[in-house]
Every structure is written in structure tokens, then in C-alpha cells.
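Asks: Below, each chain spelled out in residue letters.
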Amino acid sequence: MTQTQAGAEAVAATCDSSSAPAIELDGVVKEYLAHGEVVQAVKGVTLTIAEGEFFSLLGPSGCGKTTTMRVIAGFEDPSRGTVRLHGHDVTGVPPNKRDVNMVFQSYALFPHMNVWENVAFGLKRRKVDRAEIRRRVGEMLEIVDLAGREKRRPREMSGGQQQRVALARALVNNPRALLLDEPLGALDLKLRQAMQIELKRIQREVGITFVYVTHDQSEALTMSDRIAVMNDGLVEQLASPREIYERPATAFVAGFIGTSNLLKGVVDRVASGCAVLRVGQESRVLVAESPGREGELLTITVRPEKITISAEEPEGEVSAVRGTVREVVYLGLYNSYTVALADGAEVTVFQQNALDSTSTAERGDAVWLSWQPRHSYAIGR
Amino acid sequence: MKRLAPYLLILPGGLWLLIFLVVPMVFMASVSTQEGDTLNGFVQTFNLSIYGDVLAQYRTQFLRSVGYGLAGTAVSIALAYPVASWIAFKGGARKSTYLLLVLLPFFVSFVLRTVSWKFLLADDGLLLAPLKSAGLVSGDFHVLQTTVAVIGGLVYNYLPFMILPIYVALERVDPRVIEAAHDLYASGRAAFTRVVLPLSLPGVFAGVLMTFVPMTADYVNAGILGGPENTMIGNIIQTEYLVNGDYPTASALSFTLMAVMLIGIFAYAKALGTENVLEAAAR
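Taken in order, these protein sequences are the chains called R and V.
With this note's numbering as the guide, the letters of the first sequence map in order to residues 1 to 381.
With this note's numbering as the guide, the letters of the second sequence map in order to residues 1 to 283.
It should be emphasised that the hints constitute simulated quantities derived from the structure, not laboratory data.
Computed from a predicted model, the values in this text were never measured in an experiment.
Glycine is no exception: its CB is placed at the ideal position from the N, C-alpha and C atoms.
Keep in mind that a hint or two might mislead.
Computed spacing ranges between beta-carbons, pair by pair [what the hints assert, rightly or not]: (1) V:S187 x R:S19: 49 to 59 Å; (2) R:R80 x V:E171: 42 to 52 Å; (3) R:R80 x V:K270: 49 to 59 Å.
Coverage of chain R stretches by chain V, computed from C-beta distances (three or more under 8 Å per stretch; other residues unrestricted) [to be verified]: (4) 110-122; (5) 298-311.
For lysine-lysine, the following PhoX-like pairs were computed, each having C-alpha atoms within a straight-line distance of at most 25 Å [stated by the list, open to error]: (6) R:K97 x V:K90; (7) R:K306 x R:K264; (8) R:K151 x V:K270; (9) R:K127 x R:K97.
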């Protein structure tokens, strides 16, 4: 199925502005009345999702990501703010009149219909002619690898197969955007990883904008072009996976995505764009692109795999922090060290188990930790 | 012991049914082919021709009973479905209160409820007297002793048996499945006819079984609210048994009624079996 065919749909008339972003949320607030009190599930989200993008809404449960998605789908009307699809204000437009489709968390397949009838449901409602329905449903079942299972009922299928039916049922309509609400949550790890790759492939193949809601950071990092990390009804950071991992904007993002170390220190001096932080007596932390001024208290984050462990004090323009090894955990691919600093703070260090690995710090050893200035990242003050 | 447990569990109920259902039925079947009267006693003559005779003699009442049962069932579906779906989808935290309200009439005796309908619908009763004095209906207009009164009474008395199974079926419909229908361009109407209704049909099916059978066999409503033109087969059985003392005729009528309803139910299940109902709805 190509994009030009999508243009032949009835909705084409409303989609004249092809250059407009697929989805725009402008100051979206969603309030609920719970036990007589107003609760804000979404506290003002503004974001723009480009055509063809794989966009993730990532956050812990209750952060407002699902509500945000339901606002885009039209199941919830925002209390304030506007939703635009391809430049057209659709705030208040019911879901059956919006050209976006959703893959539900528990799939929500029609239990009384077989695979074919499930997938053809949307096309039938839009009065697509029968030959066209037959062709498109057949093609879509081919794409999701379910050809030959048309007559199966949802309850006769495995979780992974049901998942693909749900995907086909939404995608066959060639929506302007596909919304996926934790679609892999119910699958076991192996299948989930396979489906992640599969989803990404399908997205490339059909070229449709995907909006993906998940609480699984590795899932979001694997698949997304961009991620909006949400917490407590607000977007904490909106950036590419690399940016989010390497340069978390807030302590929340640093903590939620992967393992991260937070260190606090006072800016000693700033030289050629590089700040030097005093952390305890003998330790120093170098921060490239530091926003800090002399005397200021800064919080920086550094990823465990960026840190090198050594017995001697490192030389050169690097961060150097003294500590004592508290714990060593062998994890196959790498060792995880927990190092306690003089002030009691703990730092996690991952050291890859390379063949020539000589770093064999033991529990109780006094060690030096070092890392490059660009790996220290000052987070929101 | 473990292997015996299921059989031991079924024993009390099984014995109960054996003693109080099977034994009397066998006894009644035996009575139906006997001849004689209450004064001189009955003698078993294996008179099978009585079945043909009663069917011929009371054909009108049989047809009327089935007709009333069908009409009452149809009206019950029309009334019960909206109520059940309102409770299931809009009932919120008060669902159980509404269900209790539906069941509340059961706390009053069946006969008493029907008798109070008689007062309500009497020619100069609470309903008709004001209408007549206001000149809205003519002076000789009446509701009692009509088909409408009997079917109305049947519907009133058996409505909860229709509401409850439909409610249970609707309650089990996953709201996300309905959302999925809306998401796939279904209007409110299409979401209902394509998704909600087919998924609730097993409840309607159960409701039909639970109302059609007792409605068709009912005699209280026809006896209290109906006239001579509304006599149902239940009234005939009652009269033959208690007034005329013609036990063989009463027994034969009972078995014929049972056969008629069993055939009807099986035909219905065959034509619209749960699985087939779903199949048909998906198209």
C-alpha cells in the first residue's frame, strides 16, 4: 500500500496541507473529577510529531502518557488546549471521524469475528468497495505474516498473533497516524524483542506516523526517532533516544532512562568552557559545556559505562573521583561495581569483560574513577 | 476419594431432582394414559389416543398460549434491553442498587402483584377513572379481560428474568472493544449493531428461555387479568385437575405443553444457537 492510495480515501479532502506536522498538541490539559476533587492527568503538553516519525511517549504509570494518547485518538476531550492533525484543528471531533487508528493495550479485538472480519471492520465502515477490501486485507495479513489464518477467532490465537491482528486491523485503514498503547506489554521478553524489530520494519514499510506509548525505556530507545519522557502530567524532555540517554535534561529523566549516577559539586573554576567541580577533598569532576558559574552548586549525571576504574590517580583533563569498592557483581557481558565516595554517595560503574581485561578491583579496594569531561552532563537546576 | 468427590457433590442435588422431579413425572406420565374418575378410581389402560384428543380439543388454547408467550417475550426484550444496557454502561457505582430495584417486585407475592394490577386497571380504577372523567377515553373503554391486559401482566411478572441475563452479557463486553469500534470509524449506531448487540445476544438467548417458558405455561395472569377469551392452556390444566378431577386429561395436557415448548426451544437453539448467532452478527 502506498501513500498515494491513502490520498484516494474519503479523508483526502481534509488533508490538503501535506507539509503540516502529522500531530500537534498545543497546551493540552486534561482534568478529571475524582471524589469531588479536580485531578490533572495532563498538565499542559505541547509537542509536534512529524509525518512518518516513530514517536514515543515514555514514562512511569500515571504520568499522563496514555491520557495524552487518548486525547490524540479522540476518546478524551482536552479540558484546555488544542489538537491538530495535519494542520486541522480536531479538538472535539469524535474518534470515528479522525483519521488516526489505535492499537489497544489488550488488543481489544472483536471476539465474535474472525481475523478477516476484524481486519476488514474499518474499511467496511468507510464503505470501501468489496474488491478493494479483499485486496487490502489480504495485503495487510501478508505484511503481518498472518496469511492463511483468516478464519481463526481471536481466542484461538497466541498473544503474538493477536497483537499482529490488532496491528493489521489498524494499519489496513492507512491512517495518517497509528497510536499504539503499550502494545507489547502482554508478551514475553523474547517475543517482545522480536515484535520490536517487526514493528519498526512495518513502520518503515508503510511509512505511517507511529505514536508509541510505553513505560519500557529500552523499548522506546530501540524503536523511536524521538521520545517525549513524561512525568506527572508534563513532558520532562523531548529529544532523540541518543540525546535522552547521553544528555538527560532532568534528574527524573536521568534516573528513569537506564542507570545513572548523580553527583553534586561546587564549581571551582571555569576554564575554556570546561567547569571544574570540587566533590569532596581530593576529587574533581570536569564538565564540558557547563552552564555553571564559580561558586555555584551543580548536579551532574554520568552513565556507569563511561567510567573507568583504576588503582592509580588518573592523569590528564579527566574527572577523577576517589572511592572504595563496596560491591562487585559479575553480569556476564560486564561487571557492575558499586563504589562509595568519601561523602557516602554511591557510584555505579560498568566495566566490559573484554578478553584483555586487567581491571580486577575487589571488594574493599580503594580506587579512582575517571571519565571524559563530555560525559559529565549538568542537569536542570 | 478424590475421584469420587465430583460424584458425591452431585449426589444431594441429583437425589433431590430424582425424587421431586423425575418420580412425579413418571407418575404423571402413567396417569395420563389411565381411564376412570375420582369416585371409582383410575385404571391403567395405556390410552395413548388421549394425546391426540386433548390437542384437538384445546388447540385454540395451545396456540393462544404460544402466541401470548411469543408476544410477551418480544415486548420483554424491547423493554429489558435498554434498561439492562443503561445499568451496565451508565450505572456506575450504583449498579447493584439498580439491580435490586429490578428485583424488588419479587419481594411481593406473584399473585398479590397480579391482583394489584387488577385494581390498577379496573374499569373505574386508578388508571381509567381519571381518564374517563377527563373524557380522554370513552365510558365503556376497558383494559381488564383483554389480550393486552394478560400480555401486560405476563411482561410485568417476568421482565426481571429478561433484564438480568442481558445485563450480565452487556456487563461482560469490554469497553475497549467498543472504543475500538469507534476508532475504526463506526458511528454509535454501527458500534451497537456490529459489536455490542452481537456480543450481548447470548444474554438475550438466555432471557428468551427464561421468560418464554414460564409465560407460555402461566395461568395466573390469564386467570386474574383476562376474560373467557383469554384462557391459556395453564388455566385448562388447572381446571381439569382441581375442578373437574380429570387427572388423565390434565396430565396429558401438561406433557403436550412440555413437548411443544421443548420442540420450540430446540428449534430456536438450532436456528439461532449462540455460536451461530455470533457468526451471523459478524457478517
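Asks: State the violated hints by number, sorted upward, taking the hints as numbered earlier in the document.
Replies: 1, 2 and 5
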